[in-house]
Amino acid sequence: MNNKRKKKKKKKKNIFKSFMLFILYEIIFILLTSPFVLFYGPFNNLKKAVVYSVQASQHRYMLSWILPKSYLDSFSSTASATTVDQDMSKVKISNNSEDISVAELKDNNRFDAYIMKIGRPKRIKVAMTKYLNTRGQKTSEMAKEHNAVAAINGGTFSDSTGGKYAATGATPGGFVISDGKVIFKDVSESDKLPVTAFTTNGKLIVGQHSINDLMSKDVSEAVTFRGTPLIVDGKGQITDQAADGYSPRTAVGQTSDGTVLFLVVDGRKSLSKLGASLYDLQQIFQNYGVVNASNLDGGDSATMYYEGKIRNSPNVWSGERSVATAFVVEQ
Amino acid sequence: MRKLRNYVVWTLIAAVIEFSVFYYVDNNNFKSVGSYKETPIVVKKASKKFKISIPNGAAFMKMSDDGNYISYYVDGNLKVADTSNGNVDNVQPANNASIALTSWAPGSDILSIVEKSSDSSGTYMKMYSYNADKKEKTERIANDTKKIAKIEVSRKSDKIVDVSESSQTGSFYLKIGTAQNNTEAIYRVNIMNEPQIVDGTEWKTNIGKINQFKLDEKSGDLLVYEDTNKNKVKVEGRNSISLPDVEKQCLLSVDDDNNIYIGSVVDNKVTQIYYGTYQTSASKWQSIKLDSPADASDIFINNIGKIYTVDNLKGIVTDTSTKKTYKFNGTFVQIYDDGVASLDDGKLVNILFK
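Protein chains in written order, with the numbering used here: chain A, 1 to 331; chain B, 1001 to 1354.
Note that these hints are calculated values from the structure, not bench results.
Since we're looking at a predicted model, the values are computed, not measured.
Yeah, the Cβ is synthetic: ideal placement off N, Cα and C, and Gly gets one too.
Treat the hints with care, since some could be wrong.
List time: in silico SDA-like cross-link candidates among lysine to any residue, alpha-carbon distance up to 20 angstroms [unchecked claim]:
hint, chain 1, residue 1, chain 2, residue 2
1, B, Lys1137, A, Arg268
2, A, Lys192, A, Gly227
3, A, Lys130, B, Lys1218
4, B, Lys1230, B, Lys1269
5, B, Lys1079, B, Ala1058
6, A, Lys309, B, Pro1040
7, A, Lys117, B, Lys1044
8, A, Lys309, B, Val1043
9, A, Lys17, B, Asn1006
10, A, Lys144, A, Asp99
11, B, Lys1230, B, Ser1240
12, A, Lys273, B, Lys1135
13, B, Lys1135, A, Ser318
14, A, Lys13, B, Asn1006
15, B, Lys1134, A, Val102
16, A, Lys117, A, Glu104
17, B, Lys1126, A, Val316
So the derived label-pair ranges between C-beta atoms look like this [as the list claims (entries may be wrong)]:
hint, chain 1, residue 1, chain 2, residue 2, range
18, B, Asp1216, A, His59, 34 to 42 angstroms
19, B, Leu1215, A, Gly234, 53 to 61 angstroms
20, A, Gln331, B, Glu1247, 46 to 54 angstroms
21, B, Asn1027, A, Lys69, 27 to 35 angstroms
22, A, Asp218, B, Lys1324, 49 to 57 angstroms
23, B, Leu1215, A, Ala103, 41 to 49 angstroms
24, A, Ser57, B, Asp1337, 33 to 41 angstroms
Chain A on its own, in the form it takes in the complex (with noise of 0.2 angstroms):
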């Protein structure tokens, strides 16, 4: 009799051992193949997304302690900017209703966007921080302070360097031109860079551009940010859809009858919430027969105000990034 329950018992025994070395085992191979099935397999959409989403956070540096440079340098994060040459005759503006919509966009997981039209686009404005090289302001802060009903955060900013203000947006990159004069440059009125620039019609200039280009063309506001623009003369730029990876975006476009349309999408919520591509942003403004877009700064930065209230959800503890310049819209 105690023969037999000493063998049940140890079989029992055994059976677990058994059972918890297989767990271990499959954990242990998973974990330590992942990483090659990542980067060297066949699911293209997965890594890429992975790359390029690495690239453009505040983290690349960590991509090149694992992989080798000829493995990342196959991989080009955003496509080159090209000069362009817009046909201003594509877009006449019609739509001079004072009207202002704003509405969210659901996409099944990756990301939320909100779309804001506005008509009347005369009345969009290029805000710069009051505060220049000191610190950066809130959208919302500029805004209000210029009574405007709607607003979103503009082109690139650098932080001052450490100190009391770091990470604060104190200074733009680029160009700033407001009103019609330029009231930042830390290039020559003849060096080229990528711009979101309105005229003082209001039609939307994008892509290449110097000062003394977009003077030439009576534009009375514009901000620059890098890359290739979205669409140009309703033509989609962007061919790679997973180039620049996925995150939190800021984007304006201008559909035919002058109507433009801001869009703000949330994302790093999670590793499956990570945000828009560029290509969504280029799809999203299609599908509303945008003519020309532009890309603006996104990441912590994206923010779309509206009617008092910030109406996304930046990933920033006070609500709202501190940033440089900002797209107003004045009452």
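Model the placement of chain B on the given structure of chain A, informed by the hints.
Same frame as chain A, but now just chain B:
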């Protein structure tokens, strides 16, 4: 042999699981989607009247400046409610932590939260913010450590005795101690969430109310506080504010233009209020005499310098400059941007300023 066969099978199982997951994510999560469903955002012109009940026993009621939200505790649980419709949300502290402070960030619908927790290495105060619109609680990450901003305190019994938050400076001052007159230290948590002790504030028994201001745009913010032994208002690292006509000073407020409001105290009540910037000489400071002396705790000065007094007995709030009076029902709760909030028979009600 048997063992080898086992490992082969196990490897196959792992490979199948791994590849299935990768395949699923690759195909489902990163495929571009063509069209999107629009949900219009309609901005309702909110009726300014409150529609909200507050449960019995609710304590530490605080409202956001715009009056949109109210936070309170019931049975030790923190709640944040929407004053326009009465919807209530629970705000939970982190595991094994208790909430030490809630304070609405000026001019916003963000509630600053500080939580106290202890572990084997010590007792800490950790910083969070709760966005009432988005119903999201986030850690305040310090720029230097890239981890949650935290302060180590020396005693488990330490509390946050006073606080000063400013939308102008972005700095958050916390007076930590066991009682109003028992300060362990005052910390300044700057705009990058880096806590630092304000020089000269450690282990003091004579620091009363605190506030903050800036000398000018380029310089950082400074702590201003009451020296309860000398009955004078002092500034961190600088001379105290001398008002020759005032025997006993108390610190009332600081406005967005960096004007410091000091009360002249006679027989424990404020009879006159003096205000001006730190750089302005005392002789040039303005003053306003109160029609009837009031407790410092019954004087409210908002960010643009409007001074109100509350008479709890008569249920009246007075605007000291226009002399307009506002009658409220029930017990006084708070003066906010648009009016006076009070608790009347379990309901939060409001009287709007004209």
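Quick rundown of the hints versus the structure:
Distance check on the hinted pair: Lys1137 of chain B and Arg268 of chain A sit about 15 angstroms apart at the alpha-carbon level, within 20 angstroms; holds. For a cut-off of 20 angstroms, the pair hint linking Lys192 of chain A to Gly227 of chain A stands: about 12 angstroms separates their Cα positions. With a CA separation close to 12 angstroms, the supplied pair Lys130 of chain A and Lys1218 of chain B stays within the 20 angstroms bound. In summary, the hint linking Lys1230 of chain B to Lys1269 of chain B is supported, as the alpha carbons are separated by about 17 angstroms, within the 20 angstroms threshold.
Simply put, Lys1079 of chain B and Ala1058 of chain B have alpha-carbon atoms about 9 angstroms apart, close enough for the 20 angstroms limit, and the pair holds. Between Lys309 of chain A and Pro1040 of chain B the CA atoms are separated by roughly 15 angstroms; this keeps the pair inside 20 angstroms, and the hint holds. Note on Lys117 of chain A and Lys1044 of chain B: the hinted pairing holds, with a Cα-Cα distance of about 18 angstroms set against a maximum of 20 angstroms. The hinted pair formed by Lys309 of chain A and Val1043 of chain B meets the criterion: a straight-line CA distance of about 10 angstroms does not exceed 20 angstroms.
For the suggested pair Lys17 of chain A and Asn1006 of chain B, the alpha carbons sit about 14 angstroms apart, so the restraint of at most 20 angstroms is met. Distance hint between Lys144 of chain A and Asp99 of chain A is fulfilled; the C-alpha atoms sit about 19 angstroms from each other, no more than 20 angstroms. Distance hint between Lys1230 of chain B and Ser1240 of chain B is fulfilled; the C-alpha atoms sit about 10 angstroms from each other, no more than 20 angstroms. With a C-alpha separation of about 18 angstroms, the suggested pairing of Lys273 of chain A with Lys1135 of chain B holds against the 20 angstroms cut-off.
Restraint check for Lys1135 of chain B and Ser318 of chain A: satisfied, since their Cα atoms lie roughly 13 angstroms apart, inside the 20 angstroms limit. Pair hint Lys13 of chain A plus Asn1006 of chain B holds up; C-alpha atoms about 18 angstroms apart against a cutoff of 20 angstroms. Between Lys1134 of chain B and Val102 of chain A the CA atoms are separated by roughly 17 angstroms; this keeps the pair inside 20 angstroms, and the hint holds. Note on Lys117 of chain A and Glu104 of chain A: the hinted pairing holds, with a Cα-Cα distance of about 12 angstroms set against a maximum of 20 angstroms.
Taken as a hint, the Lys1126 of chain B and Val316 of chain A pair is honoured in the structure, with Cα atoms around 17 angstroms apart against an allowance of 20 angstroms. In this structure, Asp1216 of chain B and His59 of chain A meet the distance hint of 34 to 42 angstroms, their C-beta atoms being roughly 37 angstroms apart. The hinted window of 53 to 61 angstroms between Leu1215 of chain B and Gly234 of chain A holds, with their beta carbons roughly 55 angstroms apart. Separated by about 51 angstroms at the C-beta atoms, Gln331 of chain A and Glu1247 of chain B satisfy the suggested range of 46 to 54 angstroms.
Checked against the hint of 27 to 35 angstroms, the pair Asn1027 of chain B and Lys69 of chain A passes, with Cβ atoms roughly 30 angstroms apart. For Asp218 of chain A paired with Lys1324 of chain B, a C-beta distance near 52 angstroms keeps the hint of 49 to 57 angstroms intact. Between Leu1215 of chain B and Ala103 of chain A the CB atoms are about 46 angstroms apart, so this pair conforms to the stated range of 41 to 49 angstroms. A hinted range of 33 to 41 angstroms for the beta carbons of Ser57 of chain A and Asp1337 of chain B is consistent with their spacing of about 38 angstroms.
No hint from the list above goes unmet by this structure.
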